[in-house]
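Undergrad: The chain contents come next:
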Amino acid sequence: MSDCKTAQELIARRSLASLEALDESILSAHLAACPACQRRAERLARTLRGLGELGQTEVRPRPEARSRFLAAAAEARRPTGRRSSRALISRRHFLGVGRWRRPAFGYAAQGLVAAGLLLAAGLGLAHLRQKPDGRAAVSGQGGPNEPLAVKPDPELPRVEVASGTVMLERAGRSIKVPEGTLLAAADRLITDARARTLLRYPDRSFAEMNRNTAVIIGDGAGGKQLSLERGELFVKAAKQPAGRPMTLNPGRADQVLVVGTAFELARRDDRTRLRMIEGQVAFGPEARSVVVNAGQASSVEPGAAPAAPEPCEISTIAAWRHEDVAASTPAGGTKPDGSSPASPEGVAPVVVDPAAPTAPTAVAPGKVVVPGPGTGLPTPTPVTGDPDPPAGPKQPGPDPASPDKDKKDGNDGKDTKKPPEDRGRPVTKPTPPGKIGGPGPGGKPDKGGK
Amino acid sequence: MPDEAELLSRAAAGDGPAAGEIYDRLAPPVLRFLVAMLGDEQAAEDVLQESFLYLFRNADRYDPGQSALGTWLRRIAFNLANNELRRRRRRPTVSLDTPVPADGTVRRLGELLADKSAPPEQRRGALALELIGRLEEKDRQILILRYVEGLPPREIGGLLGIGPKTASMRLWRALKALQSQVRRDSPDSL
Numbered sequence: 013m014s015d016c017k018t019a020q021e022l023i024a025r026r027s028l029a030s031l032e033a034l035d036e037s038i039l040s041a042h043l044a045a046c047p048a049c050q051r052r053a054e055r056l057a058r059t060l061r062g063l064g065e066l067g068q069t070e071v072r073p074r075p076e077a078r079s080r081f082l083a084a085a086a087e088a089r090r091p092t093g094r095r096s097s098r099a100l101i102s103r104r105h106f107l108g109v110g111r112w113r114r115p116a117f118g119y120a121a122q123g124l125v126a127a128g129l130l131l132a133a134g135l136g137l138a139h140l141r142q143k144p145d146g147r148a149a150v151s152g153q154g155g156p157n158e159p160l161a162v163k164p165d166p167e168l169p170r171v172e173v174a175s176g177t178v179m180l181e182r183a184g185r186s187i188k189v190p191e192g193t194l195l196a197a198a199d200r201l202i203t204d205a206r207a208r209t210l211l212r213y214p215d216r217s218f219a220e221m222n223r224n225t226a227v228i229i230g231d232g233a234g235g236k237q238l239s240l241e242r243g244e245l246f247v248k249a250a251k252q253p254a255g256r257p258m259t260l261n262p263g264r265a266d267q268v269l270v271v272g273t274a275f276e277l278a279r280r281d282d283r284t285r286l287r288m289i290e291g292q293v294a295f296g297p298e299a300r301s302v303v304v305n306a307g308q309a310s311s312v313e314p315g316a317a318p319a320a321p322e323p324c325e326i327s328t329i330a331a332w333r334h335e336d337v338a339a340s341t342p343a344g345g346t347k348p349d350g351s352s353p354a355s356p357e358g359v360a361p362v363v364v365d366p367a368a369p370t371a372p373t374a375v376a377p378g379k380v381v382v383p384g385p386g387t388g389l390p391t392p393t394p395v396t397g398d399p400d401p402p403a404g405p406k407q408p409g410p411d412p413a414s415p416d417k418d419k420k421d422g423n424d425g426k427d428t429k430k431p432p433e434d435r436g437r438p439v440t441k442p443t444p445p446g447k448i449g450g451p452g453p454g455g456k457p458d459k460g461g462k
Numbered sequence: 104m105p106d107e108a109e110l111l112s113r114a115a116a117g118d119g120p121a122a123g124e125i126y127d128r129l130a131p132p133v134l135r136f137l138v139a140m141l142g143d144e145q146a147a148e149d150v151l152q153e154s155f156l157y158l159f160r161n162a163d164r165y166d167p168g169q170s171a172l173g174t175w176l177r178r179i180a181f182n183l184a185n186n187e188l189r190r191r192r193r194r195p196t197v198s199l200d201t202p203v204p205a206d207g208t209v210r211r212l213g214e215l216l217a218d219k220s221a222p223p224e225q226r227r228g229a230l231a232l233e234l235i236g237r238l239e240e241k242d243r244q245i246l247i248l249r250y251v252e253g254l255p256p257r258e259i260g261g262l263l264g265i266g267p268k269t270a271s272m273r274l275w276r277a278l279k280a281l282q283s284q285v286r287r288d289s290p291d292s293l
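As given, the protein sequences belong to chains A and B, one line each in that order. Residue numbering for the first sequence is 13 to 462, as defined by this note's numbering. Residue numbering for the second sequence is 104 to 293, as defined by this note's numbering.
Check before you lean on any hint, since a few could be wrong.
[As the list claims (entries may be wrong)] Only pairs whose alpha carbons sit at most 27 Å apart, straight line, appear in this in silico DSSO-like list of lysine-lysine:
#: 1; chain 1: B; residue 1: K241; chain 2: A; residue 2: K17
#: 2; chain 1: B; residue 1: K279; chain 2: A; residue 2: K17
#: 3; chain 1: B; residue 1: K279; chain 2: B; residue 2: K219
[Stated by the list, open to error] Going by beta-carbon spacing under 10 Å, a handful of chain A positions derived as facing chain B:
#: 4; residue: Q20
#: 5; residue: L66
#: 6; residue: P73
#: 7; residue: E76
#: 8; residue: P190
Rather than coming from a laboratory, the hints here were simulated on the basis of the structure. Quick caveat: nothing in here was measured; it's all calculated off a predicted structure. For each residue, glycine too, the CB sits at the ideal point set by N, CA and C.
Let the sequences and hints guide you as you build the complete structure.
TA: Structure representation (structure tokens):
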């Protein structure tokens, strides 16, 4: 046998330990006479040895990773609810379809507010019953595979989508927050340069945080509250109950009161700028607030009254929502005129919630509400959400038989004397963790293994 | 020393030290696996954490008679890592920053390749990881399972949801792809 192609075949089979004695002698004879094949065989062997040597080493988690895990484990032992099985907003939409274009954020501070439609869509969330101590009470059996009936606090949001590393600071600890987590008063959420997140309230109102953004959750005593420390927020609020407006930056000079509208708010250093798509909000502290209507912008700096509203280009507001969060790191910001770069498609920011399970219902834009005194941030309360299933959209618990039954294998490559025909197809569905075999790739046990 | 089942039971019930101990025991090999799978140390640590939390939540389903706890954890980690890869919608790319498991810690590929005094096995491992990083994801993955993790086709099939013979066939194809890659790219100094 002097055929190099055959030799390569035999080398591969030897690597699978499936070379029979006769083949081995044939291969040895060829390699002795063919330096080229010998070099290839050695290279392949070195590569496989290198992989094997990788397997001999272990990687110790960094101390901070261990600490984070222990904090998360303690957090996870709190009563939990299960994330809704309904995708309220697709990750694809959330991630955007365009590329991030580095915005020219010329302001030392920016505040963008856009008002728009709000949705009166039915609740898609699971229900969480609130205990007096603020913890969730799970109703039903709460088995790992069962959707839980939970009734949420109407004034506290849940992390519906978290793309990238979104950190939650609570009670002096910092953890990576899983999707589905119900937030509590005084929680601080931070997105880094490669993360975005969407916080959803039970009434379908939501606040979407851009990259490099930090917000603090208010206690909800007088209605929904969010304080923007830095970065950009796009907020879309359903019609709020009478006397309980949604308040952005409560008690601050850049306070925004919302009855029912949608807007984006951006803050750099101490300056905040606001632009509206639709609706109407009161911007600024009481007595000095200005009414900002759809298509208008205003800004405010410490110690000053908000600037008189001026027209702005609606189609450029909150364009970052259409950008790919995984794209290059943004510097963050908008143009000096307060506009953000338009999405590549030139699509206006979302006015109608694409995540609405049914056709959205337009609600009249909110009316101006006289701002009340700001409320401080309350003390932390325990988590009430379910920092649950880590993986794909479906999260059945592990198959009861999921711990591996294949402790021993007496078939280590021996069935590969000849390569069988592939009847399998690539796995395409998310795999429930712990499930034996994962989703069937459609491949049946091969029949052509001989 | 408490056995794994007891530790798991205590950890799931809220025993912090037990959670720490089980993490210390089981995390290193699984983290190595995840680093190789994901090519991203931070993501690997995140998936590791999620895997443990999943394990704790489902502790009542663990049957020590069926498998070692580490085997189950690796299965969970494998599935979560695949979900992470799908979520990213892109395969890991190999660059000089690619993490390489190296003697209890992680070193960067570029650093290892530049460090002539690095142990030969670490350099070999780095080069091998770099080489399989050029293969298709399914080939790369099965080579990791077979040669880094040392799993037999039957266990690989269990993870992938295919039969052992199909797993062997895919392994064969991956090996052939690697052979072609080695022929084209591998330096003699490997």
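Undergrad: A separate judgement is required for each hint: does it hold in the structure or not?
TA: Evaluated hints:
1. As the CA atoms of K241(B) and K17(A) are separated by approximately 24 Å, the hinted pair is consistent with the 27 Å bound.
2. Restraint check: the Cα-Cα separation between K279(B) and K17(A) comes to about 12 Å, which is no more than 27 Å; the hinted pair holds.
3. Straight-line distance between C-alpha atoms of K279(B) and K219(B) comes to about 30 Å, which puts the hinted pair past the 27 Å bound.
4. Taken as an interface hint, Q20(A) checks out: its beta carbon lies about 6 Å from the nearest beta carbon of chain B, inside 10 Å.
5. Checking L66(A) against chain B by beta carbon gives a least distance of about 4 Å; that is within 10 Å, so the hint holds.
6. For P73(A), the interface hint holds, since its Cβ comes within 10 Å of a Cβ in chain B; the closest pair sits about 5 Å apart.
7. Annotation: E76(A) was flagged as interfacial toward chain B, and the flag holds, the nearest CB pair being 9 Å apart, inside 10 Å.
8. Nearest Cβ of chain B to the Cβ of P190(A): about 7 Å, under the 10 Å cut. The hint holds.
When held up to the earlier numbered hints, the structure conflicts with hint 3 and nothing else.
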